[in-house]
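Number of protein chains: 2
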Amino acid sequence: MLQALTPSQGAKLISPNIYTLITCIDSKGQPNAIGASWVTRTSIDPFLMLISIAFTRYSHDEIARMGEFVIHYPNEEQAAGAWLCGVESGRNQNKIKKAGLKLVDSRIVRTPTIDDVTVAFECETKNSFITGDHTVFVGEVVAVTGNPVKNKHLYYTANSGLMSLDLTGNINKNIEKDR
Amino acid sequence: MLQALTPSQGAKLISPNIYTLITCIDSKGQPNAIGASWVTRTSIDPFLMLISIAFTRYSHDEIARMGEFVIHYPNEEQAAGAWLCGVESGRNQNKIKKAGLKLVDSRIVRTPTIDDVTVAFECETKNSFITGDHTVFVGEVVAVTGNPVKNKHLYYTANSGLMSLDLTGNINKNIEKDR
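Residue numbers (our numbering), protein chains in the order written: chain A, 1 to 179; chain B, 1001 to 1179.
Treat the hints as calculated values from the structure; they're not laboratory data.
There could be a bad hint or two in this list.
[Claimed, not checked] Quick partial rundown of chain A residues pointing at chain B, CB under 7 Å, derived from the structure:
1) Thr42
2) Ser52
3) Gly132
4) Thr168
5) Ile171
[What the hints assert, rightly or not] The following residues of chain B were derived to be distant from chain A, with all beta-carbon distances above 10 Å:
6) Asp1061
7) Met1066
8) Leu1084
[Stated by the list, open to error] Pairs of lysine-lysine, BS3-like flavour, derived with a Cα cap of 25 Å:
9) B:Lys1012 <-> A:Lys152
10) A:Lys12 <-> B:Lys1152
11) B:Lys1173 <-> A:Lys152
12) B:Lys1012 <-> A:Lys173
13) A:Lys173 <-> B:Lys1173
14) A:Lys126 <-> B:Lys1012
15) A:Lys126 <-> B:Lys1126
16) B:Lys1152 <-> A:Lys173
17) A:Lys12 <-> B:Lys1173
It should be emphasised that the depicted structure is a prediction, and the values quoted were computed from it without experimental measurement.
Using N, Cα and C, we set each Cβ at its ideal position, and we do this for glycine too.
Whole structure, please, built from the sequences with the hints as guidance.
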């Protein structure tokens, strides 16, 4: 039977949430990567995806300024580095290097792509709008790359850190815990 | 190593995707429910969620007209009915009844809530915008209900229909197949 829940109880119950890394280039020309779960496709033709980024995040203004970003679904072997990018800020450090992630040139956009992820979507911002304390950036996917062999990618669970799933539902739990 | 992928190859690799049901009231006053995966939170304070709905779906205009909707994360026992709501149209039938789902009064909005789901978010539309062939409806969550005991909710896998996961990552695979 249904019972009344608080917003935070409700938010917890919807997990596991997809866990992506978004790359951008900051005002010093340095690439940065942030963890993001509030990401979805939003149009079939044209192929559009959207990301919802808090005003307070270092990358917010950089994504707005550059007009492009890359959405990555990291493979499970990249969990520790992907997690570090989610919990630390890139304001005063090179997070990507610290995370042990390797960057490669993207096919179309200037923002680099993280190597060997399950899949990466190069996006050019077509529109953006404010939703409460976040900005939604709508990106047109101009190139897609990936490593289909490493198809187990990351999800964030409310109760047990990161896990991975592939497109058939094969799972590895507890691969990176909250610390 | 990364390789170039087609958009459809890329879209497949991001699965499993969260699987929700959205209820609305149609112009005849009948409740309807549609399956939707392109759903995410988009603001913490205020608590906002967004849904991306194709222009072509029967519920698109109804959601626009009513200015409200309810987002449900069905529990795994509701998989067969939830799947039916995703693959059939409500244009000429009462899908919810056919799906064996029970409606209850919502706490705040006029649109009813599906009983016994893992969690349901009653939303009042605050904004909407067009993204390609979809409309994004941004809803303020005005009430949250749920059944935390039934916390295994649904995900759609590209290769094996619906599966369920709870917030710790416990899984049941293949609970409803494409037919």
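Now the hints, each set against the structure:
1. Below 7 Å, beta-carbon pairs count as interface contacts, and Thr42 (chain A) has one with chain B at about 4 Å; its hint therefore holds.
2. Because the smallest distance between the Cβ of Ser52 (chain A) and any Cβ of chain B comes to about 4 Å, under 7 Å, the interface hint for this residue holds.
3. The interface hint given for Gly132 (chain A) is met, as the beta carbon of that residue sits about 3 Å from the closest beta carbon of chain B, less than 7 Å.
4. For the restraint placing Thr168 (chain A) at the interface with chain B, the shortest Cβ-Cβ distance is roughly 4 Å, inside the 7 Å limit, so the hint holds.
5. Given hint, Ile171 (chain A) at the interface with chain B, holds; its Cβ is 5 Å from that chain's nearest Cβ, closer than 7 Å.
6. A cut-off of 10 Å between C-beta atoms confirms that Asp1061 (chain B) is not in contact with chain A; the least separation is 18 Å.
7. At roughly 20 Å, the least C-beta separation between Met1066 (chain B) and chain A is larger than 10 Å, which holds for a residue marked as non-interface.
8. No beta-carbon of chain A comes within 10 Å of the beta-carbon of Leu1084 (chain B); the shortest separation is about 20 Å.
9. The suggested pairing of Lys1012 (chain B) with Lys152 (chain A) holds, with an alpha-carbon distance near 12 Å, which does not exceed 25 Å.
10. Using a Cα cut-off of 25 Å, the hinted pair Lys12 (chain A) and Lys1152 (chain B) holds, with the two alpha carbons roughly 12 Å apart.
11. Proximity of Lys1173 (chain B) to Lys152 (chain A) is assessed by CA-CA distance (about 15 Å); at most 25 Å being required, the pair is judged to hold.
12. Between the alpha carbons of Lys1012 (chain B) and Lys173 (chain A) the distance comes to roughly 21 Å, so the proposed pair stays at or under 25 Å and holds.
13. A hinted pair counts as satisfied when its Cα atoms are at most 25 Å apart, and Lys173 (chain A) with Lys1173 (chain B) qualifies at roughly 15 Å.
14. Among the hinted pairs, Lys126 (chain A) with Lys1012 (chain B) is consistent with the structure: their alpha-carbon atoms are about 23 Å apart, no more than 25 Å.
15. For the proposed pair Lys126 (chain A) and Lys1126 (chain B), the alpha carbon gap of about 21 Å is at most 25 Å, so the pair holds.
16. Restraint check for Lys1152 (chain B) and Lys173 (chain A): the C-alpha separation of about 15 Å stays at or below 25 Å, so the hint holds.
17. Between Lys12 (chain A) and Lys1173 (chain B), the direct Cα distance comes to roughly 21 Å. Compliance with the 25 Å bound is thereby established for this hinted pair.
Going down the numbered hints, you'll see the structure goes against none, and every one checks out.
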